[in-house]
Amino acid sequence: QKEVEQNSGPLSVPEGAIASLNCTYSDRVSQSFFWYRQYSGKSPELIMSIYSNGDKEDGRFTAQLNKASQYVSLLIRDSQPSDSATYLCAVKTGGTSYGKLTFGQGTILTVHP
Amino acid sequence: DAEITQSPRHKITETGRQVTLACHQTWNHNNMFWYRQDLGHGLRLIHYSYGVHDTNKGEVSDGYSVSRSNTEDLPLTLESAASSQTSVYFCASSERLQGGLADTQYFGPGTRLTVL
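The listed protein sequences correspond, in order, to chains A and B. Heads up, the first sequence is in our numbering, so the first residue is 401 and it goes up one at a time. Heads up, the second sequence is in our numbering, so the first residue is 7 and it goes up one at a time.
Hints in this document: simulated from the structure, not taken from any laboratory. Any given hint might turn out to be false.
What the hints assert, rightly or not - Pair ranges (Cβ atoms, derived): (1) B:Ala8 / A:Gly459: 19 to 25 Å; (2) A:Glu403 / B:Ser90: 20 to 26 Å; (3) A:Gly441 / B:Lys63: 27 to 33 Å.
To be verified - Only pairs whose alpha carbons sit at most 30 Å apart, straight line, appear in this in silico DSBU-like list of lysine-lysine: (4) B:Lys17 / B:Lys63; (5) A:Lys456 / A:Lys402; (6) A:Lys456 / A:Lys500; (7) A:Lys442 / B:Lys63; (8) A:Lys467 / A:Lys500; (9) A:Lys402 / A:Lys467; (10) A:Lys456 / A:Lys442; (11) A:Lys500 / A:Lys442; (12) A:Lys402 / A:Lys500; (13) B:Lys63 / A:Lys402; (14) A:Lys456 / A:Lys467; (15) B:Lys17 / A:Lys500; (16) B:Lys17 / A:Lys442; (17) B:Lys63 / A:Lys467; (18) B:Lys63 / A:Lys500; (19) A:Lys402 / A:Lys442.
Yeah, the Cβ is synthetic: ideal placement off N, Cα and C, and Gly gets one too.
This is chain B alone, in the form it adopts within the complex (with noise of 0.2 Å):
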């Protein structure tokens, strides 16, 4: 069965480090979305990327990063770890519709992220 998966599901770093989230899914989907999610505030979209080689920014993305070098993947790298990014990230997939419209977003297990 198709599925989309994260790792690690659970990760602690300090402050300052490099860390970086994987995302892989095998629907084959165009679409891929990291979101991060805080009490209070939903999900709230990071990064996105509608095809190979194709990244975008959302509406958090300060500090972040994402490339997109195949399908199936899109890594999400925190650049210089800090405490605000404490947090419960989510990678999602969709498949790409005519029309102007949106398929529904699969979304992955999640990475529980935890900056000391």
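So that you can see chain A by itself, here it is in the shape it has in the complex (with noise of 0.2 Å):
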């Protein structure tokens, strides 16, 4: 098992629509969740982190984290044409290693109009 799998894509959505990316860990030890967006052809970028239980939204992105059950999910409203992108899931694994983020093989999503 993958120590930080997403929903396999490409996840295609109408403009409008409500993105829905989830994201699993296999470490229960894991404490900082980190949600970046790429473009193609850049770098990537972050649209949200968060580190305790429950939702956390800024704009029309929302991070939710269960860390019982091991899953971080990221809802974007409202999709725009401009949020087509590669979703990247990044998490710290491990105890004292505490910079290092284990990052998901990423979602690629398309909004169309």
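Build the complex: two chains, separate frames, hints provided.
Structure, rendered in structure tokens:
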């Protein structure tokens, strides 16, 4: 089992819909979780970080963390064509390696007009 | 504004040559990381450093080396380039947090390396 797994894409949603991106992780002691967005040919950029169970909202984006079930999700409301990108889930796994992240393979999202 | 830069942005080299990719950050971050990104594999960690003179191997470190002589720079060296090392390379940096938490990693623009 991979340490961090994302739902296999690609994911296609119509403009204005809710896009739901999911990520599961295997290390129960993981404490830090991140969602990055990567446009084609560009570097990853942070959308959201989440450290505690529950929801965290930032504009049209909501990150949800459930440590008991070991999953983290990202909801994008009112999806726009400009949201079309690859979304990467990243998790801090392990105990003492306080900076190291493990990335999922990414989910390609396409928002069509 | 603080930033993280990589050079060169594109590089073509031949098998067997030594290649060094530069990474420079002005965030004054303690942590620095090198990743490679290939289709179907996502981001894979090559080497990382938690401070000056500290270096650690990641999951795909064979054939690569790094050294950290100051806070700002973490150059990545391919000792003898191989075609399997054709990839896009990203450098990232982050601050150190307490309590076992990880801070956001900020990425450089990437270097596209082709080994012929």
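Hint by hint, here is what the structure shows:
The hinted window of 19 to 25 Å between Ala8 (chain B) and Gly459 (chain A) holds, with their beta carbons roughly 24 Å apart. The hinted range of 20 to 26 Å is satisfied by Glu403 (chain A) and Ser90 (chain B), whose Cβ atoms lie roughly 23 Å apart. Between Gly441 (chain A) and Lys63 (chain B) the C-beta distance comes to about 29 Å, which sits within the given range of 27 to 33 Å. This hinted pair checks out: Lys17 (chain B) and Lys63 (chain B) have alpha carbons roughly 24 Å apart, not beyond 30 Å.
Restraint check for Lys456 (chain A) and Lys402 (chain A): the C-alpha separation of about 26 Å stays at or below 30 Å, so the hint holds. Taking the CA atoms of Lys456 (chain A) and Lys500 (chain A), the gap is about 22 Å. The hint holds against a cut of 30 Å. For the proposed pair Lys442 (chain A) and Lys63 (chain B), the alpha carbon gap of about 25 Å is at most 30 Å, so the pair holds. Restraint check: the Cα-Cα separation between Lys467 (chain A) and Lys500 (chain A) comes to about 19 Å, which is no more than 30 Å; the hinted pair holds.
Using a Cα cut-off of 30 Å, the hinted pair Lys402 (chain A) and Lys467 (chain A) holds, with the two alpha carbons roughly 17 Å apart. Under the criterion of a C-alpha separation no larger than 30 Å, the hint pairing Lys456 (chain A) with Lys442 (chain A) is consistent with the structure, at around 26 Å. Proximity of Lys500 (chain A) to Lys442 (chain A) is assessed by CA-CA distance (about 21 Å); at most 30 Å being required, the pair is judged to hold. At most 30 Å may separate the alpha-carbon atoms for a hinted pair to count; Lys402 (chain A) and Lys500 (chain A) meet this at roughly 16 Å.
The hinted pair formed by Lys63 (chain B) and Lys402 (chain A) meets the criterion: a straight-line CA distance of about 19 Å does not exceed 30 Å. Between the alpha carbons of Lys456 (chain A) and Lys467 (chain A) the distance comes to roughly 14 Å, so the proposed pair stays at or under 30 Å and holds. For a cut-off of 30 Å, the pair hint linking Lys17 (chain B) to Lys500 (chain A) stands: about 27 Å separates their Cα positions. Between Lys17 (chain B) and Lys442 (chain A), the direct Cα distance comes to roughly 16 Å. Compliance with the 30 Å bound is thereby established for this hinted pair.
For the hint linking Lys63 (chain B) to Lys467 (chain A), the alpha-carbon distance of about 28 Å falls within 30 Å, and the restraint holds. Restraint check: the Cα-Cα separation between Lys63 (chain B) and Lys500 (chain A) comes to about 11 Å, which is no more than 30 Å; the hinted pair holds. Taking the CA atoms of Lys402 (chain A) and Lys442 (chain A), the gap is near 25 Å; set against the 30 Å cutoff, the hint holds.
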